[in-house]
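If you want the building blocks of each chain, they are given just below.
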Amino acid sequence: MKRSVLASLVLIAGMGTSNALAQPEVEVLHWWTSGGEARAVQTLMDEFQSNGGKWVDMPVAGGGGDAAMQALRARVLAGNAPTAVQLKGPSIQEWYEEGVLADLSDVGAAEKWDALLPAAIGKHMKCGGKYCAAPVNVHRVNWIWANTAVLARAGIPMPTSWEEFNEAAVKLKALGVTPLAHGGEAWQDATVFETVALGIGGPGFYQKALVELDPAALSGPTMIKVFDQMRTLRGFVDDNFSGRDWNLATAMVINGEAAFQVMGDWAKGEFTAAGKIPGKDYQCSPTPGAGFLYNVDSFAMFKVQGGDRIAGQKLLAKLIVGENFQKTFNLAKGSIPARLGTSLGQFDYCARRSSYDMDVAAGSGTLLPSYAHGMALRGQQAGAITDVVTQHFNSDMGSAQAAKMLAEAVANSR
Amino acid sequence: MTARGLLYLLLVVFVAYYMLPLFVMVITSLKDLDEIRAGSLMSPPDRVSLESWGTAWSSACAGILCEGLQPFFWNSVKMVVPAVLLSTLLGAVNGYALSQWRFRGANLIFALMLFGCFIPFQVVLLPMARTLGLLGLAGSLSGLVLVHVVYGLGFTTLFFRNFYVTVPTELVKAAKIDGAGFFTIFLRIFLPLSPPIIVVTVIWQFTQIWNDFLFGVSFSQAGTQPVTVALNNIVNATTGVKEYNVDMAAAIIAGLPTLIVYVIAGKYFIRGLTAGSVKG
Amino acid sequence: MSAWLTRHIPKIAVAPSLAAVLFFVYGFIAWTGYVSLTRSRILPRYQLEGLDQYAKLFRTPRWDVAMENLLVFGVLFIAVSVALGLLLAILLDQRIRAEGAIRTVYLYPMALSFIVTGTAWKWILNPGLGIEAVVRSWGWEDFRFGWLVDPELAIYTVVIAGVWQASGFVMALFLAGLRSVDQEIIKAAMVDGVSLPRIYASIIIPSLSPVFLSAIIVLAHLAIKSFDLVIALTGGGPGYATDLPATYMYAMAFSRGDLGQAAASATVMLMTVAAIIIPYLYSQLRQSHD
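Those sequence lines, one after another, are chains A, B and C.
Residue 123 in our numbering sits at position 123 of the first sequence; the count goes up by one each step and never skips.
Basically our numbering = 1-based index in the second sequence + 414.
Basically our numbering = 1-based index in the third sequence + 694.
It is worth saying that the hints were derived from the structure and are not from the lab.
Watch out, some of these pointers could steer you wrong.
Stated by the list, open to error - Part of the chain A face toward chain C, derived, beta carbon under 7 Å: (1) Met69; (2) Glu185; (3) Asn394; (4) Ser395; (5) Asn412.
Claimed, not checked - Covered, in the sense of this in silico footprint (three residues per stretch, anywhere, with C-beta under 8 Å from a C-beta of chain C), are these stretches of chain B: (6) 426 to 435; (7) 475 to 482; (8) 486 to 494; (9) 524 to 530; (10) 629 to 635; (11) 659 to 671.
As the list claims (entries may be wrong) - Heads up, simulated SDA-like pairs for lysine to any residue below, C-alpha to C-alpha not over 25 Å straight-line: (12) A:Lys303 <-> B:Leu548; (13) A:Lys404 <-> A:Ala216; (14) A:Lys208 <-> A:Ser364; (15) A:Lys303 <-> B:Leu551; (16) C:Lys705 <-> B:Leu601; (17) A:Lys303 <-> B:Arg544; (18) A:Lys303 <-> B:Gln635; (19) B:Lys587 <-> C:Ala697; (20) A:Lys54 <-> B:Leu551; (21) A:Lys54 <-> B:Leu479; (22) A:Lys112 <-> A:Asp359; (23) B:Lys681 <-> C:Lys705.
A virtual CB, placed ideally from N, CA and C, is assigned to each residue, including glycine.
Isolated chain A, as found in the complex (with noise of 0.2 Å):
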C-alpha cells in the first residue's frame, strides 16, 4: 500500500514536471450526448485538456447505455477497450470479474477519497476492496415534481403520502388535470414503482426487497399494497402514456396539462430550459416517505497497455473527484456533488435540499440505491423486476399475481 502511493506521488509528480515524456491520453466511452449532458461532460475535457492530456471522445447513446454497452463488449471483446467508460452501480463490479478493469487505488489513496466520498457511494468505486472507478456525480431518484399554479388551483399542498397523493389527485381529476405525468417506457415505471415501495414499505422494506431480494418481501403483503397502489396511480396517468419520453411527461408539468410526475432530478433541466424558477413557477420534493435513493454516474477505467493511457487513466480519475469539476459539472447536469465538502452556493434550492437529505439519509441508514437505474442489482435480477412491474402497470394483472410473479421471476434470473 505504501509502495502504491510512493509511485502515485512519483507518478502525479512527474507529469506535473514532464510533460514531454508522454501525454496522458484517454478514450472516454459514454452516453451523454446530448445538451446539458453533453456540456457537463465538456467540461471535464476542458480540465483534462488544461492539464495538458488528449481527450479522444467516443459517445454511444441509446436505450439508456445499451448502445453503448454493447460497443463496450465488443471493444473489450476485441482486445482494444476504450480507457474510461461510463459504468455505474453492480456492473463495475461485474466488470471487474471478468478482469478487464484497471486498479485505482493509487489515485484514491493519494487524493483521500476514503474521506471525500460518502460511504454508500464509496463502496460502489471499489471492486475487491480497492478503487476502480471514479464517481462524478449523484442523483436522487424519489423526486415528485409538481406545477405550482395548478396545485394553487386545485387547492392542493405537496403530498407527504401517498393517500394525500392520491386524494389530490382524484381533485385534480374532477378539475380536467391529468394528475400524474408519465411515460410508459420499461425504466419509466420501474422508477414508480421504486419510490412507491420506499414510501408504503419505507427504507427497511426496500432494502429487503428491492436491493437483498429477500422472496419473503418480493411476494409479501406490503409489496402487494405496493401494487394496489401502482393500479391506482395507473388511474391517475392519461390514456396516451405508452412510449412518452419522460422529458414530454415534463413538458406536460410545466405547461399545466398535469400536476405531478416522478421522475429524477435531471428533470429540472427541462423546466429550466423552459424559463421555470424552482420555489416559484414548480415545486421539487421527496416523494412521500422517507430516505433517499440514489442513481450515481461514475466512470470505470479499463486495462490498456501503454504508459500514456495508464497516465490519462489516473489524471482523468484524480479531476472526475477533484473539486472544482464535481462543482462544474453537477451545475451543468443537475445532480449534486458526489464529492463531501463542495460548496453549494451556485445550486438551486432543490439541488440544495437534496444534499441536505442525502446528509441525513446517511446518517439514519436510509441512503438506498435506485434499483430502476441500476444501482442495486445487476443487469439480470433488476430486468426480472422490471418485467413484472411494466408488465402489471400496463395490463388488468391482480397484485397477488404480480407479487408472486415477482418472487418467480427474480428466483428464475438467477
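For chain A, the structure is supplied; the task is to place chains B and C on it using the hints.
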C-alpha cells in the same frame, strides 16, 4: 365517379400513406423549438426556419464534439463505397460460377450462402468482435467493410445467380469451344449483360450498408463512427433537452444519400428487376 | 497443372466466399450454440453447464410473448405487404400519368432506416399527438386510433409501419413481373372478350409465382430481423407487449448482462428460422434443377 377516377383516387390515398412520415419530419425540421413544444406536431410551421438544418449538418452535438453529422458522413462514404463494390463483384462472380458452371455441390453452396441472409445480426456481434480483434481490424473502417461484405454475400449472390440462370448455358459451351476461359467468358459475355442487375444489387447493398447501425456502433471507435451512429447520438437524449427540429433535420440528412439513389435510380431499379432477377 | 486449374477454376472462384460464409455464418452459429450451454454473463465464458439456459428461457413469460408476436407480426407483415404490393403494382400498370413519381413515393421508405423514421412514426401513431388528435381537431370528436398504447393492439401498429417500409419494394418486384408478362397472351384473351379482372386473376397473377417467392424471401428476412422497427416505435412496450425474439435477445445480451440466456434465445430463434427456410430452399433449388 369513373373507374379511372377511382383508380387515381386510390393511388393518391396511398401516396398520402407513404408520404406521411416524411411530411411530419420535414415540417418539424422547419419549425423552431417553441412552436414544437406548443403546437400540434402535424400542423405546418407558422414561421419557416432552416436553422436546424445547418445545425444538424455542422454544429449539432453528437457527444462533446459539436460538428454535426458532417465528419461522420464521410466515414460512411469511405465505408460504403468499397463495401458495395466488393460485395457486388464477389456476388457477380459467385452468381456466374454457381449458375453457369454447375459443378457438383453448386446448389448446396448456394443454399448455404442464402441461408446466411436469415441470420439475425445481433447473434454474430460478439464472435465477430473477437475475430476483428484477432485480425487487427478492430475499430477500423476496413473491419466494417469486411463485415458488410461478408454479410452482404448472400443477397448479392442471390441476385446475380437468379439473373444469370436465365442466360442459356449454350453460350458458355460455345465460348469454351472457342477456347475462352472462366474469367474471359465472365468479362467478355456476362459482365456486359449485367448492368440491370448491377443496378439492383448496388442499390440494395448501398441501402443496407448506409443504414446499418448495429455493426456501425459495435465495430467502430472514435474517429471511424458512421453517420447512423452520430445520428443516434444526436437523436437519443438520455437525460437532456430534446431538440426535435434538429433531430428531424439530422434524420433527413442522414437518409438523403439513399433517398437520392432511390429517386434517381428507381427507374433502372424496376428495369433491372424486370430484366430477370424476379424470375425465382 | 493448367488443365487442373481450368477444370477447377469455378470452384476456386467461389471458394473465398464459401470459406467466409462457413466461418462467419456457420462458425458463429456454432459459437452461439456453445455459449447457450454456459452461464456466460457480461462476457462469454466457456465452461459447459448443460441446458439450464433453455429451461430458464421456457419459464420466462416474456419469451412466450416474443415468439407469439413474431408469429402474428411475421404472418401479417408478409401477407399484407404482398397483397398491398400486388395491388399497387396492378394499379400502376394501368398506364398511369406520372407513374415514375408515384412509384418513387411508394418505393422510398425502403431507403430509410427506422432510426430515421422511428420518431415520426411514434408521433403519427400516438393518439394524443398524431392521427387521432388531427382527426378530432377536424370535428370528429369520437374518432379513436389508440392502437399504439393498447397492449393488445400495439403489435398491429408495428405491422403498419413495417408494411409501410417494405410494401413499396414488393410493389417494385411485382411491377417488374407484370412488365415481363407476355403481352400477346393478354391481347389474345382480350380479343376473346375476357374481362380485365379475369385476365389478372386467371392468367397474369398465376404467372407471377416466382415473384411471390422472391417477395416472400425478402419479406421473411426482414420480419425475422425486425429490430430497429420495434425499438423505434414502441421500445417493446406497452409493458413488453411488442417484444420480438430479436429484441429479447438484445436485451438479455446487452442491457442485462446475460449472454448465456441471449445465446439460448438466439439458438431457438435460428432453429425456428431454419425449420421454415430450409424446406423452402430445398424445394426452390430442386425446381431449378429441372
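Numbered hints the structure breaks, given as an ascending list: 7, 8, 10, 23
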